[in-house]
Amino acid sequence: MSHIGAEITAVAAGACEIRLPYGDHVSQQHGFFHGGIVATIADSAAGYAGFSLMPLGAGVLTVEFKINLVAPADGDLLVARGSVVRPGRTLTVTRAEVAVRKDGQERACAILQQTLMMITGRQGVIG
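Under the numbering used here, the first residue of the sequence shown carries the number 265, and numbering increases by one thereafter.
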């Protein structure tokens with residue numbers, strides 16, 4: 265996250281928010297946030313939301329996600345909000361909604377659903 269300039273701005277049990285300001289290094293040819301960057305912060309926000317409910321010493325690994333890019337990410341800030349849909353002993357289902365902020369207005373640009381696998385012996389692992 266630090267490589268692209270993203271920052272976790274809120275964490276609670278089963279929830280996480282990540283923000284990313286616009287920059288040329290995260291844009292595509294039309295000047296929008298790149299879809300891969302949108303997916304990256306959505307994956308991380310949902311992943312940390314799930315990770316927040318796992319026991320100390322556990323790690324988490326994304327095993328599957330589906331993302332719908334519902335509008336161009338045209339703006340100056342991306343905000344990904346992850347939440348847990350269904351926690352489980354081994355597999356947890358999460359989701360994230362990503363909004364793009366432009367001129368003070370937020371608009372949805374992506375929706376992600378994800379499956380996470382809890383792993384043991386790998387403290388702090390997310391990905």
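These are calculated hints, taken from the structure and not from any lab test.
Quantities reported herein were computed from a predicted structural model and do not represent experimental measurements.
Every residue, glycine too, gets a C-beta built ideally from N, C-alpha and C.
Treat the hints with care, as some may be off.
[Claimed, not checked] Listed next, with one range per pair, are the computed distances between beta-carbon atoms: (1) ASP288 - ARG371: 31 to 41 Å; (2) GLN377 - SER266: 22 to 32 Å; (3) HIS294 - GLU370: 28 to 38 Å; (4) GLN369 - LEU333: 29 to 39 Å; (5) GLY300 - VAL357: 18 to 28 Å; (6) ALA322 - LYS366: 36 to 46 Å; (7) ARG353 - GLN292: 17 to 27 Å; (8) ARG353 - PRO285: 19 to 29 Å.
Evaluated hints:
no., hint, in the structure
1, ASP288 - ARG371: 31 to 41 Å, "22 Å, violated"
2, GLN377 - SER266: 22 to 32 Å, "26 Å, holds"
3, HIS294 - GLU370: 28 to 38 Å, "20 Å, violated"
4, GLN369 - LEU333: 29 to 39 Å, "19 Å, violated"
5, GLY300 - VAL357: 18 to 28 Å, "23 Å, holds"
6, ALA322 - LYS366: 36 to 46 Å, "38 Å, holds"
7, ARG353 - GLN292: 17 to 27 Å, "40 Å, violated"
8, ARG353 - PRO285: 19 to 29 Å, "38 Å, violated"
Checked against the numbered hints listed earlier, the structure breaks hints 1, 3, 4, 7, 8; every other hint is satisfied.
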